[in-house]
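A.B. asks: Chains as they are written, first to last, in our numbering: chain S, 1 to 628; chain V, 1 to 335.
What the hints contain is simulated information worked out from the structure, not anything from laboratory work.
Among the clues, some could well be false.
As the list claims (entries may be wrong) - Keeping only pairs whose Cα atoms sit at most 25 Å apart, straight-line, the calculated SDA-like set for lysine to any residue is:
1. S/K448 with V/P39
2. S/K290 with V/R43
3. V/K7 with S/P467
4. S/K574 with S/R544
5. S/K203 with V/H330
6. S/K234 with S/D20
7. S/K239 with S/K541
8. S/K541 with S/G522
9. S/K234 with V/V307
10. S/K448 with V/R43
11. S/K190 with V/E335
12. S/K445 with V/E162
13. S/K197 with V/W332
14. V/K217 with V/R246
15. S/K153 with S/D88
16. S/K448 with V/R246
17. V/K133 with S/K448
18. S/K234 with V/T331
19. S/K290 with V/P39
20. V/K133 with S/I506
21. V/K11 with S/F200
22. S/K290 with V/Q310
23. S/K263 with V/V307
24. S/K290 with V/T320
25. S/K290 with V/K11
26. S/K153 with S/F185
27. S/K190 with V/W332
28. S/K494 with S/I506
29. S/K234 with V/H330
Claimed, not checked - Some, not all, of what chain V presents toward chain S, calculated at C-beta under 10 Å:
30. T71
31. I72
32. K84
33. L90
34. H111
35. T178
36. H182
37. G329
Note that CB positions come from ideal geometry on N, CA and C, so glycine has one too.
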Amino acid sequence: MELAEEKLGEHHLDEKEVVDVVVRFAGDSGDGMQLTGGNFTESTALYGNDLSTFPDFPAEIRAPVGSTFGVSAFQIYFGMEDVTTAGDALDVLVAMNPAALVTNVGNLVEGGLLIVDSGAFTAKNLAKAKYQSNPLEDGALDAFRVLDINISKHVLAAVAAFGIGHKAGLRCKNMWTLGLVLWLFDRDRKATIENLKTKFANKPEIAEANIAALNAGHAYGETAELPVGIHIYKVPKAKVAPGTYRNVTGSTALAWGLIAGSKLAHIEMLFASYPITPASNLLHELVNRKEFDINTFQAEDEIAAVCAAIGASFAGSLGVTSSAGPGIALKAEGIALAVATELPLVVVNTQRGGPSTGLPTKTEQSDLNMALCGRHADTPVPVIATSTSTDCFEVAIEAVRLATKYMTPVMLLSDGYLANAAEPWKIPEVDSLTPFPVQHYTDAKDFKPSLRDDSTHARVWAKPGTPGLEHRIGGIERSFETGDISYDPDNHQKMTQLRQAKIAAIADDIPLQEVVLGSESGKLAVVGWGSTFGAIHQAVKRARGEGLDVSHIQVRYLSPLPKNLGELLHNFEKIIVPEMNTGQFINLIRAEYLIDADGLNKVAGQPFKIGEILAAIHEEFAVLGRQP
Amino acid sequence: MNQAAIKLTLKDYTSNQEVRWCPGCGDYAILKTIQKLMPELDRPKENHVFISGIGCASRFPYYMNTYGFHTIHGRAPPIATGVKLANPDLDVWVITGDGDGFSIGGNHMLHVLRRNVDLQILLFNNEIYGLTKGQYSPTSRAGTRSPSSPKGSIDFPLAPCEVALGSGGTFIARSIDTEAKHLSAVVRRAYDHKGASFVEILQNCPIYNDGIFEQVKDKKISADFKVELEHGEPLVFGKEREKGVRLNRQRLTLEVIDLNSGDADGVLIHDETNKVLAQMLATMSAPELPVAVGVIYREDRATYDEVSRQQVALARNPSTSLQELLHSGHTWVVE
Numbered sequence: 001m002e003l004a005e006e007k008l009g010e011h012h013l014d015e016k017e018v019v020d021v022v023v024r025f026a027g028d029s030g031d032g033m034q035l036t037g038g039n040f041t042e043s044t045a046l047y048g049n050d051l052s053t054f055p056d057f058p059a060e061i062r063a064p065v066g067s068t069f070g071v072s073a074f075q076i077y078f079g080m081e082d083v084t085t086a087g088d089a090l091d092v093l094v095a096m097n098p099a100a101l102v103t104n105v106g107n108l109v110e111g112g113l114l115i116v117d118s119g120a121f122t123a124k125n126l127a128k129a130k131y132q133s134n135p136l137e138d139g140a141l142d143a144f145r146v147l148d149i150n151i152s153k154h155v156l157a158a159v160a161a162f163g164i165g166h167k168a169g170l171r172c173k174n175m176w177t178l179g180l181v182l183w184l185f186d187r188d189r190k191a192t193i194e195n196l197k198t199k200f201a202n203k204p205e206i207a208e209a210n211i212a213a214l215n216a217g218h219a220y221g222e223t224a225e226l227p228v229g230i231h232i233y234k235v236p237k238a239k240v241a242p243g244t245y246r247n248v249t250g251s252t253a254l255a256w257g258l259i260a261g262s263k264l265a266h267i268e269m270l271f272a273s274y275p276i277t278p279a280s281n282l283l284h285e286l287v288n289r290k291e292f293d294i295n296t297f298q299a300e301d302e303i304a305a306v307c308a309a310i311g312a313s314f315a316g317s318l319g320v321t322s323s324a325g326p327g328i329a330l331k332a333e334g335i336a337l338a339v340a341t342e343l344p345l346v347v348v349n350t351q352r353g354g355p356s357t358g359l360p361t362k363t364e365q366s367d368l369n370m371a372l373c374g375r376h377a378d379t380p381v382p383v384i385a386t387s388t389s390t391d392c393f394e395v396a397i398e399a400v401r402l403a404t405k406y407m408t409p410v411m412l413l414s415d416g417y418l419a420n421a422a423e424p425w426k427i428p429e430v431d432s433l434t435p436f437p438v439q440h441y442t443d444a445k446d447f448k449p450s451l452r453d454d455s456t457h458a459r460v461w462a463k464p465g466t467p468g469l470e471h472r473i474g475g476i477e478r479s480f481e482t483g484d485i486s487y488d489p490d491n492h493q494k495m496t497q498l499r500q501a502k503i504a505a506i507a508d509d510i511p512l513q514e515v516v517l518g519s520e521s522g523k524l525a526v527v528g529w530g531s532t533f534g535a536i537h538q539a540v541k542r543a544r545g546e547g548l549d550v551s552h553i554q555v556r557y558l559s560p561l562p563k564n565l566g567e568l569l570h571n572f573e574k575i576i577v578p579e580m581n582t583g584q585f586i587n588l589i590r591a592e593y594l595i596d597a598d599g600l601n602k603v604a605g606q607p608f609k610i611g612e613i614l615a616a617i618h619e620e621f622a623v624l625g626r627q628p
Numbered sequence: 001m002n003q004a005a006i007k008l009t010l011k012d013y014t015s016n017q018e019v020r021w022c023p024g025c026g027d028y029a030i031l032k033t034i035q036k037l038m039p040e041l042d043r044p045k046e047n048h049v050f051i052s053g054i055g056c057a058s059r060f061p062y063y064m065n066t067y068g069f070h071t072i073h074g075r076a077p078p079i080a081t082g083v084k085l086a087n088p089d090l091d092v093w094v095i096t097g098d099g100d101g102f103s104i105g106g107n108h109m110l111h112v113l114r115r116n117v118d119l120q121i122l123l124f125n126n127e128i129y130g131l132t133k134g135q136y137s138p139t140s141r142a143g144t145r146s147p148s149s150p151k152g153s154i155d156f157p158l159a160p161c162e163v164a165l166g167s168g169g170t171f172i173a174r175s176i177d178t179e180a181k182h183l184s185a186v187v188r189r190a191y192d193h194k195g196a197s198f199v200e201i202l203q204n205c206p207i208y209n210d211g212i213f214e215q216v217k218d219k220k221i222s223a224d225f226k227v228e229l230e231h232g233e234p235l236v237f238g239k240e241r242e243k244g245v246r247l248n249r250q251r252l253t254l255e256v257i258d259l260n261s262g263d264a265d266g267v268l269i270h271d272e273t274n275k276v277l278a279q280m281l282a283t284m285s286a287p288e289l290p291v292a293v294g295v296i297y298r299e300d301r302a303t304y305d306e307v308s309r310q311q312v313a314l315a316r317n318p319s320t321s322l323q324e325l326l327h328s329g330h331t332w333v334v335e
């Protein structure tokens, strides 16, 4: 299916009160756009809007100043209704230089608000962005409400009193701009001021200069005579369930889920990994959580990381390793060893654009096939996927539960978008989570390493140091009866089938597939997995608003699949599967259920837009005929 | 019952598995020596964990009646590191070969040594790939004829003890498969060393590389081709202990001198803690210089697992709650 985009409605910045807004901050990778976006997100959450964010940054740490490939952006969608994506088209674009303008202006709606730092529109910067003439002067931006301010000049004036110099002064540009945007949406500056004080605790003059810039930007909004149509926009608070909320990124929620999982399993955890984008934030978070009996190990390579995790699991802890696609490929042999020796292991794959180095900072879902099949031999492992940043917490706990209960590696699929995107999270009550304590085996009577649990078929977990349970395990096929080396042909057949059956039986221990939105049968189901959740959800919601009979199904358990999934899918006349790959899940459901479906495949390093999925829904209904 | 209180024997450390090495393999002698040494270490049997990679040597754990893990090719060091990080009370042994430890697993060997994880690495060096039927290995001498090098290998070989020293290893020793007494003493010292102990064991492969270490193994001639290192003792060797090793100060090289001649001054005294000397000793090869056996180098340095566990212990805080963590930073309440 072609990726078409639904034309979105008119801009909605005419009213003083608006339902939702998409804002994108874009600048050089050194301009501090991520920090700006992060602070704006926090103020927005505290204000009471629902929100979703999309940090979009280049792979280069400090790309040449003014270059288009060095543009770093942070997008936030916030509003009074449930927000599950970072939004399609932009209502407000903040462009700190010509490169940020040229790479993002195409997404700004007609009549949208464009804030630019005219001080950065120098001949040199215009040339780097390949502008023949200055768009601020040649009428190219006539379709937008343009607020061109010489931000550099204003910032230097605002920070002059702090004596931090020209260069450091200019670095406060982002806070000046943030001050202005905070004013624009009536947000409070307090949280940002606190953050700046903490961030620059050792450099109070820098903190003060940034705060002064922030206040100056805010004051500019209050006092300057702005063009007609630019004023404070009120976005009413979202109506959300009562409770205590916080913002959380997928990486943080996943790290905390792993901690919660090990607590619920009553075991220590060793998190072993090798730095790789976009997975490293998990290591950075967990290395600071040692008070929870979490140890971390930065290994010499991906293989060493998975092996150290396996070693820890052999010794009775929970071994967890993490990477992105190329690193997971390197871990494959180790994962197969854990399958063969039936040791618990959690493998987190924060997927990114591939193959090879691909697009390291961009998102994709193209490692599903590898998760399901990317090992030598018959090597089944459970595969589960997280669908939102906050879902990461629950899915991580589930990965730990399955790994320890079934003595198996578990593949947990996240992606670059979820890892970095933040959304408000209703903080769960830890006490309400169900524990699943691990019992290490201790009974020396008639012990053998091949003992199994009658119900789960999980192999016994006997950790070194336990008297009387001395035993050997290894990669050579093991006798079903004794656990010793066995080259017996019948035994290998039996063990291969056992490994398959053990994982397949997990289908009895996972929830039945539910429909997220819509009815359990009908004309059309949009079936997704992973981070496509938000865009599918909004598209289906809008389509249902138009009276279309469409449902949203989001699959968490990819192997084994929920027992009722096949039946559920057969209840629909038509299925669409949006995926950020060339069609991996669609092949799985076609193979499993002999079901036809249309794929909607986007591999652009960017998440789906709502409009793209909505367009696909409309296309299907053009064929199906509208519901009465 | 406390197992350590009962005197265990070699038999207690022998598993019920049939040993499957080729007849005459040097691995048999090493296995016997280690099984015999184990009771003397006076540790509960369940505390020992033998971890191996892939290759003839790596079958070793199956034959030890302790905890054991036969893993994947080259990866025993990181798996052992994971075991030790999870439970530092365990006595962890890594059994590896020249291909496993220095070809496919060379990277891990480097890092486990520089980190100084507290474990013992026994490298069975037979200078050949046995299990895959005789190809040359990274320690095979240049020109080794093998199924994959019919005209002689063209790789320059690496010297395990030199690499171990260069990797920042804190205990480097060498011994010989059939020299039970010497091997036992060296492994005992490796066990007693706190940190990563590296022992290269020269091991004969009777099938694919027979006699490669004959100069140092053959009792009739070995005295002339090896020097047994003893800390604080002179580097003297030969049937009549008539030869010594001396530093040529002009050329900064080692040379052999005849102690019976008039020129007997300047025989080096072995100092295990001298890294410069250790590098020269590790490099010595026959016939020009005697092969050094014994403890070549040792130093005391904090172990990785110890410091790592300390960090966890220091962070431990009984009042820590996950609920608090989830509520840390900015939160807001929706009524």
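A.B. asks: Do the alpha carbons of S/K234 and S/D20 lie within 25 Å of each other, as the hint requires?
C.D. replies: holds (9 Å)
A.B. asks: So if I understand the rule, the pair passes when the alpha-carbon distance is 25 Å or less; does S/K290 with V/R43 pass?
C.D. replies: The given pair, whose Cα atoms are some 30 Å apart, is violated under the 25 Å limit.
A.B. asks: Taking the closest Cβ pair, is V/G329 under 10 Å from chain S?
C.D. replies: Nearest chain S Cβ about 6 Å off; hint holds.
A.B. asks: What's the verdict on S/K445 and V/E162, does the C-alpha distance respect the 25 Å limit or exceed it?
C.D. replies: With Cα atoms ~47 Å apart, S/K445 and V/E162 exceed 25 Å; violated.
A.B. asks: Does S/K190 pair with V/E335 here, judged by a C-alpha cut-off of 25 Å?
C.D. replies: Holds. S/K190 to V/E335 sits at ~22 Å (cutoff 25 Å).
A.B. asks: Has the given pair, S/K448 with V/R246, been kept, meaning a C-alpha gap of at most 25 Å?
C.D. replies: Given that 25 Å is the threshold and the Cα spacing comes to 57 Å, the pair is violated.
A.B. asks: Next pair to validate is S/K153 with S/F185; report whether the Cα-Cα distance is within 25 Å.
C.D. replies: holds (24 Å)
A.B. asks: Holds or violated: V/K133 with S/I506, Cα cutoff 25 Å?
C.D. replies: Given that 25 Å is the threshold and the Cα spacing comes to 42 Å, the pair is violated.
A.B. asks: Given the hinted pair S/K203 and V/H330, is their Cα-Cα distance within 25 Å?
C.D. replies: Since the Cα atoms of S/K203 and V/H330 sit roughly 23 Å apart, the hinted pair holds (cutoff 25 Å).
A.B. asks: Verify the interface restraint on V/L90: the C-beta must sit less than 10 Å from at least one C-beta of chain S.
C.D. replies: Since the shortest Cβ distance to chain S is 5 Å, the answer is holds.
A.B. asks: Taking 25 Å as the top limit, are the C-alpha atoms of S/K574 and S/R544 close enough?
C.D. replies: holds (16 Å)
A.B. asks: Given a cut of 10 Å on the nearest C-beta pair, is the interface hint for V/T71 held or broken against chain S?
C.D. replies: With a minimum Cβ separation of about 6 Å from chain S (threshold 10 Å), the hint on V/T71 holds.
In this structure, the earlier hints numbered 2, 9, 12, 15, 16, 17, 19, 20, 21, 25, 35 and 36 are contradicted, and the remaining ones agree with it.
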